[in-house]
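A.B. asks: Numbering-wise (UniProt numbering), the sequence shown opens with residue 1 and increments by one.
No lab work stands behind these hints, which were simulated from the structure alone.
Given the structure is predicted, the values throughout are model-derived calculations rather than measurements.
Cβ coordinates follow ideal geometry from the N, Cα and C atoms, glycine included.
Just so you know, not all the hints are guaranteed correct.
Computed cross-link-like contacts, DSSO-like style, restricted to lysine-lysine with a CA-CA straight-line distance of at most 30 Å [what the hints assert, rightly or not]: (1) K111 with K357; (2) K390 with K70; (3) K199 with K294; (4) K157 with K290; (5) K290 with K367; (6) K357 with K200; (7) K111 with K101; (8) K355 with K277; (9) K56 with K87; (10) K277 with K290; (11) K157 with K101.
Computed Cβ-Cβ distance ranges for the label pairs, DEER-style [claimed, not checked]: (12) I429 with K164: 41 to 47 Å; (13) D418 with H273: 40 to 46 Å; (14) A113 with G92: 44 to 50 Å; (15) K352 with P135: 38 to 44 Å; (16) K56 with R154: 29 to 35 Å; (17) H273 with E297: 23 to 29 Å; (18) R25 with K352: 43 to 49 Å; (19) A356 with G264: 40 to 46 Å; (20) R187 with S385: 33 to 39 Å; (21) K161 with E130: 23 to 29 Å; (22) C179 with N132: 37 to 43 Å; (23) E229 with E397: 18 to 24 Å; (24) S120 with R296: 44 to 50 Å.
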Amino acid sequence: ELSSCGPTLRFESRFESGNLRAASRISEYEYDLCLRNDINTQCHTQWFFFRIRGLKQGHSYMFNIVNLRKPGSQFNEGMQPVLFSTKCANRGEPGWRRVGKDVCYFENHLKDAFSIEKKSFLYTLSFTIESNFDPDDHVFLSYCYPFTYTDCARHLKSIVKEKKRADVVQRSTLCHTLCGNPVDLLRITAPSGGEERRKKAIVVTGRVHPGETVASWMMKGFIDFITSESRIAVLLRRLFEFYVVPMLNPDGVINGNHRCSLAGVDLNRQYLHPEQKLHPTIFHTKNMVKDIQKDREVLMVIDLHGHSRKKNIFIYGNALDSAPSNTVTERTFPFMLSRISNVFSFQDCCFKVQKAKESAARVVYWKELGIPYSYTIESSFCSCSTGPMKDVLFTPEHLETLGGRELCEALLDFCNPDSLTVAVRELEIYMSDHADKAGDSDLDEDGQGQREKGSRKKIDKKKKLVGGKKKLVSKKKKEIKII
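Input sequences plus hints: build the corresponding full structure.
C.D. replies: Written out as structure tokens, the structure reads:
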């Protein structure tokens with residue numbers, strides 16, 4: 001503590017989804033922060049969520065999160081962290097909001113001791129916030145809009161308490177996690193009319209990666225819309241049975257992990273051979289899909305994710321066997337969604353299957369279980385790169401709209417022969433005009449890719465904006481005090 005500079009800020013993250021490990025005061029209004037690794041791992045630091053007390057009104061505070069591991073980030077493309085003030089919320093002001101100026105993300109000089117690459121360095125996210133808060137205010141900072149396990153449970157409870165929604169929703173427990181937390185399963189369809197066995201099924205899952213909170217906001221939008229009295233929702237419930245697993249990794253979410261379960265593994269790489277004891281949510285979800293297939297066809301599986309290094313919302317699919325022109329393919333549904341939504345980009349969709357993804361959900365559901373339309377929907381944490389929503393930072397409302405009304409509208413169009421005919425024709429024209437671009441995005445799924453060529457050049461000095469002026473700041477290794 002620098003006693004001559006006045007009281008030190010008080011940090012706390014011992015709450016649901018929090019994950020700050022250490023804080024070190026660098027100067028009167030600057031702090032270096034260190035995140036906790038995912039439990040039972042030595043890596044996966046990206047998500048952050050912590051509380052601050054002691055901020056003074058009228059001052060600017062700089063925070064440097066110094067042990068991030070991804071070589072690229074949308075924080076260099078306009079993305080900002082989010083902030084919540086308890087006092088502001090109690091006064092009726094907006095809750096979570098984007099904040100931060102002089103936001104930059106860069107390689108620092110701290111070596112990543114656990115990297116398989118010999119000369120691998122960590123990365124720093126640096127940003128400044130203007131304080132208009134009282135010292136006794138509880139101010140929360142986060143990577144993106146949080147959505148905790150408690151938020152999920154509260155949302156599902158509110159759904160089944162509404163009489164009209166309760167008539168079309170059955171809530172049950174799919175299984176329990178390693179920590180004993182119940183994993184929710186929703187079955188959503190129209191009340192029995194004797195036609196259930198003729199209905200096809202659609203499976204929607206989300207939040208296998210705890211730090212991808214955007215997935216839960218899309219999931220919330222989907223659940224709210226598909227259980228509503230909208231004409232589109234009513235028709236879809238007559239056509240399909242929906243099986244929804246809103247949160248595949250509750251333990252990781254509760255404990256503030258970014259990517260892994262408490263077993264220290266990426267659950268989205270366990271679908272080939274899930275173990276009941278180590279990966280119960282994946283084991284039981286996969287078996288649930290198999291059981292559904294014994295009774296009816298599963299038309300589509302949708303797994304909701306977030307992507308930290310790309311803009312837009314887009315889909316990863318599978319390259320099905322070549323089909324003649326003028327037929328429905330794996331690209332048809334994503335193309336239809338792109339025609340409905342201003343935030344969905346067909347050009348960013350990818351239908352290649354890399355070897356490293358052979359055990360991911362969308363690939364296993366396709367190759368092993370034979371579900372042709374098996375998709376991962378990826379949402380940026382940032383914004384769109386083109387169109388009317390260009391550079392507008394996503395809010396929960398944007399994500400709920402895409403996951404809800406727009407996704408459901410595309411599903412209904414996908415079941416309409418006339419809409420399909422038009423979409424197939426338009427897609428064929430589009431592909432002929434964009435053969436060198438469409439569906440060829442090769443940035444790795446979930447933001448986990450190879451380091452960009454030349455990304456580890458040593459940075460002795462970094463240009464940063466401080467107080468609106470350019471200033472050269474030497475980035476030297478700083479001591480991190482463990483608390």
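A.B. asks: Hint by hint, note whether the structure agrees.
C.D. replies: Verification of the hints:
Restraint check: the Cα-Cα separation between K111 and K357 comes to about 28 Å, which is no more than 30 Å; the hinted pair holds. For the suggested pair K390 and K70, the alpha carbons sit about 24 Å apart, so the restraint of at most 30 Å is met. Restraint check for K199 and K294: satisfied, since their Cα atoms lie roughly 13 Å apart, inside the 30 Å limit. In summary, the hint linking K157 to K290 is supported, as the alpha carbons are separated by about 27 Å, within the 30 Å threshold.
With a C-alpha separation of about 13 Å, the suggested pairing of K290 with K367 holds against the 30 Å cut-off. At roughly 27 Å between alpha-carbon atoms, K357 and K200 fall within 30 Å of each other, so this suggested pair holds. Restraint check for K111 and K101: satisfied, since their Cα atoms lie roughly 27 Å apart, inside the 30 Å limit. The hinted pair formed by K355 and K277 meets the criterion: a straight-line CA distance of about 26 Å does not exceed 30 Å.
For the hint pairing K56 with K87, the CA-to-CA distance comes to about 14 Å; that is within 30 Å, so the pair holds. The straight-line distance between the Cα atoms of K277 and K290 is roughly 19 Å, inside the 30 Å bound, and the hint therefore holds. The suggested pairing of K157 with K101 is violated, with an alpha-carbon distance near 38 Å, which exceeds 30 Å. For I429 and K164, the hinted distance range of 41 to 47 Å is satisfied, since their beta carbons lie about 42 Å from each other.
Hint check: D418 to H273, Cβ distance near 43 Å, so the stated range 40 to 46 Å holds. Distance hint check: the CB atoms of A113 and G92 are about 47 Å apart, consistent with the given range 44 to 50 Å. Taking the beta carbon of each, K352 and P135 are about 53 Å apart, not inside 38 to 44 Å as hinted. As the Cβ distance of K56 to R154 is approximately 34 Å, the hint placing it in 29 to 35 Å holds.
For H273 and E297, the Cβ-Cβ distance of about 25 Å falls inside the hinted range of 23 to 29 Å, so the restraint holds. Here the CB-CB span from R25 to K352 is close to 47 Å, well matched to the stated 43 to 49 Å. Between A356 and G264 the beta carbons are some 18 Å apart, a value that contradicts the proposed interval 40 to 46 Å. Between R187 and S385 the Cβ separation comes to about 37 Å, which falls inside the hinted range of 33 to 39 Å.
A beta carbon spacing of about 41 Å between K161 and E130 contradicts the range 23 to 29 Å that was offered as a hint. A beta carbon spacing of about 39 Å between C179 and N132 agrees with the range 37 to 43 Å that was offered as a hint. Under the hint 18 to 24 Å, the C-beta atoms of E229 and E397, about 20 Å apart, fit the expected range. In this structure the supplied range 44 to 50 Å holds for S120 paired with R296, their Cβ-Cβ distance being about 49 Å.
Of the numbered hints stated above, those contradicted by the structure are hints 11, 15, 19, 21, listed in ascending order.
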